[in-house]
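One line per chain: the protein sequences are A and B, in this order.
So for the first sequence, this note's numbering puts the first residue at 87; every next one is plus one.
So for the second sequence, this note's numbering puts the first residue at 143; every next one is plus one.
Quick caveat, the hints were computed from the structure, so don't treat them as lab data.
Using N, Cα and C, we set each Cβ at its ideal position, and we do this for glycine too.
Just to be clear, a hint being listed does not mean it is correct.
Said to hold, decoys possible - Part of the chain A face toward chain B, derived, beta carbon under 10 angstroms:
#1 Leu163
#2 Ala164
#3 Met192
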Amino acid sequence: MKVTMRVNGVERSADVEPRVMLVDFLRSNLALTGTHIGCDTTSCGACTVQVDGEPVKSCTVLAVQAEGREIKTVEGLATGATLAPIQVGFHEEHGLQCGFCTPGMMMVTSALLERNPNPTDDEIRWAISGNICRCTGYMNIVKAVQHAAQLQSRTPAMAGGGE
Amino acid sequence: MSSTAHMHGGIGESIKRKEDGRFLRGKGNYLDDFVLPNMLHMAILRSPYAHARIKSIDTKAASARPGVVAVVTGELMAQHKLAWMPTLSGDTQAVLATDKVRFQGQEVAAVIAETKYQAEDAVGLIEVDYDVLPAITSPDKAKAEGAALIRDDKDGQTDNHIFHWESGDQARTQAAFAKAHKVVRLHTFYPRCHPAPLETCGCIADVSPATGKATIYMTSQAPHAIRTVFALVTGLPEQNIRIISPDLGGGFGNKVPVYPGYVVATAASLLIGRPVKWIEDRNENLISTGFARDYHMTGDLAVDENGKMLALRVHLDSDNGAFFADAQPSKFKIGLFHIVTGSYDIPTAHVTSDGYYTNKAPGGVAYRCSFRVTEASYLIERLVTNAALELGIDQAEFRKQNFIQPEQFPYTSATGWVYDSGNYPKAMDVALDQLGYAELKKDVEARRKKGEVTGIGIASFTEVVGAGHGAEFDILGLRMFDSAELRVHPTGKAILRMGTKSQGQGHETTFAQIVAEELGIPANDVSVEEGDTDTAPYGLGTYASRSTPVAGAATAMVSRQLREKARKLAAHLLEADEEDLVWERGKFYVKGSPERFKTIQDAAFAAYTNLPEGMQPGLEGVHYYDPPNMTYPFGTYAVVVDIDKGTGQVKVKRMVAVDDCGTRINPMIVEGQIHGGLAEGYGIAFMELITFDDEGNCIGSNLMDYLIPGAWETPKFELGETTTPSPHHPLGAKGVGESPTVGSPAAYVNAVIDALSPYGITNIDMPVTSDKVWAALRSKGVTE
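Please build the complete structure, drawing on both the sequences and the hints.
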């Protein structure tokens with residue numbers, strides 16, 4: 087069946103089987119491979135994207151459920167060569183190692199900063215508690231999000247990254 | 143992009159990572175991101191039973207499904223002599239089962255289809271008729287009278303015993319025990335856990351019918367060794383095999399072995415003539431690929447009346463699963479476990495071990511560990527804390543009394559290891575100081591008087607990493623060296639290729655920094671490539687914390703080799719005698735005339751444009767480094783816990799980790815490695831468990847049952863450091879990735895046991911879950 091949604095600001099549509107997961111639609115139909123699959127059971131968060139601004143684990147959402155929605159993936163964070171504050175934060179604070187969880191982590195935490203521009207460390211940890219990172223021990227991810235929060239508070243126009 | 147992009151990036155500089163850009167933009171190149179033209183997808187049918195005879199396999203319905211191109215069974219593989227493959231430990235392993243299944247999740251058949259959904263659909267239609275046999279799920283059951291024979295495929299195998307292996311001096315150890323004032327015993331089970339990298343394993347096999355070239359994209363930590371193994375298994379000429387290990391989403395040991403799926407996908411591509419992709423799902427990853435630990439250990443520590451350690455005696459039963467497929471150097475059946483005397487000057491030791499087949503997944507890998515040193519470190523550090531508690535000596539003091547002293551290095555241990563360097567008392571002092579140990583102990587005493595359950599745990603680990611040297615350490619006969627090839631281009635920019643393979647450790651930055659330091663080319667001008675066997679020099683790969691100790695050394699050596707050629711070029715340009723040139727990072731100047739200099743970039747350009755008579759053009763080189771010894775990182779970790787009496791819940795209040803890994807090339811990356819290892823150590827200590835019921839069903843087969851610490855559970859870490867450079871490594875570096883996973887589980891558990899010691903509780907096996915703590919407290923009448 088035909089499904090249509092806005093992905094990173096661009097309307098995309100395709101014919102898919104009703105059972106196709108959103109993550110497979112993004113990866114296979116749209117070649118947006120920055121969204122990863124780590125578990126298939128909503129446990130690890132590697133597949134997190136934003137649906138209408140809310141972080142959602144796309145491995146357990148059907149593509150057809152995203153009909154008419156606004157989807158944002160990691161590929162939609164930067165504006166051309168300019169990284170979004172959350173990306174700068176992860177780079178500057180060494181918030182990533184293998185990079186596999188990183189897109190999901192950034193989609194969760196950029197959504198967090200949208201609704202809470204000055205989170206505490208515990209609020210950050212709670213926000214990412216559904217996302218597993220096997221490499222960093224989370225210390226630097228928390229710092230990365232704080233770094234991004236500071237950047238955004240200095241330059242409010244950059245908040246939310248490139249749309 | 144980076145705030146440190148302008149920096150030179152020499153050793154000791156925390157420059158930001160060069161590899162980050164693509165990952166931050168979602169443009170990493172992980173295996174599943176590759177799509178080849180005409181690519182097919184493979185799904186594997188796995189056994190639901192732990193032990194069963196296969197009576198028949200019916201593939202008709204599966205074959206008839208839309209999109210299905212082929213259904214592969216063990217019978218088909220056997221026609222090509224590929225139903226079995228050799229393991230890294232000299233055993234055999236079924237690729238697709240032909241006779242019996244020997245663990246739940248074993249590969250039985252595979253479907254190759256146009257899409258992954260179609261392949262999965264058809265897998266469910268393969269009908270297998272099984273005759274279920276009794277399952278054996280522990281060494282005790284494996285050695286029991288009348289136990290079912292798991293490996294009836296092996297000529298001469300009459301029971302489930304795999305090996306007996308010993309180290310140390312039995313007679314001397316017995317004599318020391320006979321004279322001991324006290325013997326402290328700890329029996330502990332280091333349970334099965336799993337590296338569970340966030341990216342699972344997989345491959346894309348692309349065998350070209352036109353050229354016969356097999357290009358195999360593979361999640362591999364050791365692509366060169368894999369190429370050789372593939373050549374030996376398949377009979378394909380090695381020059382026609384190209385392994386490409388792209389960006390890896392973590393590895394932690396899980397991506398060292400050859401898995402049956404790789405072999406089946408390659409055979410399928412060869413037979414069909416199209417690329418075949420196989421990506422395992424999380425369930426397959428947890429139930430069938432390389433597990434870790436599963437050691438049943440008994441340690442006896444003999445001490446004299448002054449608290450001096452006299453001797454150590456250890457026996458362990460190793461649960462190896464259905465095939466002996468441990469990834470470890472050939473000579474050592476229990477990996478490097480015999481470094482079990484740890485940081486202590488114990489005059490004599492004796493280690494015995496027996497390995498057993500069980501109906502569990504095969505392939506013991508070192509989950510963020512150098513070949514089983516984790517189990518060794520855990521045993522000795524738990525035993526030492528228990529001994530201190532039993533003797534009534536402070537656990538820090540007891541350690542200090544028995545440490546190998548700084549002046550004793552190089553130190554030969556009771557089981558023959560030659561420790562290169564160390565300063566254990568210093569690392570301990572830094573940790574105790576950072577912790578505020580004296581005050582903290584008073585606080586613990588005071589709070590215990592009020593009925594609170596609180597404790598401090600210490601572990602002073604010694605690691606052994608960076609294998610080889612090659613004469614002693616090999617994988618299937620391949621000496622454990624590593625390599626670096628450095629090509630400096632005319633404009634002074636360089637490409638460095640190595641035989642290792644990063645899985646997140648930041649090689650593209652760290653190894654560029656070694657070139658920046660040794661050859662003076664800024665780190666940003668050096669691109670680092672690994673993982674493609676057609677382009678990178680041969681090396682044994684990344685595991686056992688060996689990249690910096692071995693390939694890092696090779697990088698330093700090749701940089702120095704090119705520097706010497708650059709010196710000749712600079713002398714030619716300056717019309718000076720090369721003896722008169724002084725090297726200052728990035729340039730040569732004439733002694734006494736620092737204004738007369740040529741940069742490394744000048745020398746590089748000259749290598750292609752303006753050479754002295756008789757010199758070969760170019761500025762390129764390769765170095766294969768066979769280290770003279772292992773390196774021995776060490777440290778002291780200290781943990782403070784509070785325990786809720788009512789629920790048994792353990793709260794880690796503090797975790798202080800002091801690491802000495804010798805020279806730190808990029809301190810930011812080193813600290814990131816330590817954070818990650820401490821988190822995985824926390825997971826192992828408190829959460830992560832692969833276990834089995836009596837029928838051999840795997841419990842822990844998905845991330846809802848196999849619990850990995852998230853940000854909420856993971857404690858905050860306080861790091862400290864000391865620096866004792868390795869005397870034999872060209873940069874003094876020792877490797878660090880695994881120290882925190884090796885050292886921290888004992889520190890966490892020691893804190894729990896210290897907290898419970900007033901109630902006479904001396905051990906709880908990992909993972910130390912609330913229910914176990916609560917049951918232990920309840921058994922002592924502490925809680926209801």
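Satisfaction of the A/Ala164 interface hint, Cβ to chain B closer than 10 angstroms: Nearest chain B Cβ about 6 angstroms off; hint holds.
Taking the least C-beta to C-beta distance, is A/Met192 closer than 10 angstroms to chain B? Since chain B brings a Cβ to about 8 angstroms from A/Met192, closer than 10 angstroms, the hint holds.
Return the status of the interface hint for A/Leu163: holds when the least beta-carbon distance to chain B is below 10 angstroms, violated otherwise. 8 angstroms, holds
Going through the hint list in order, the structure satisfies each hint without exception.
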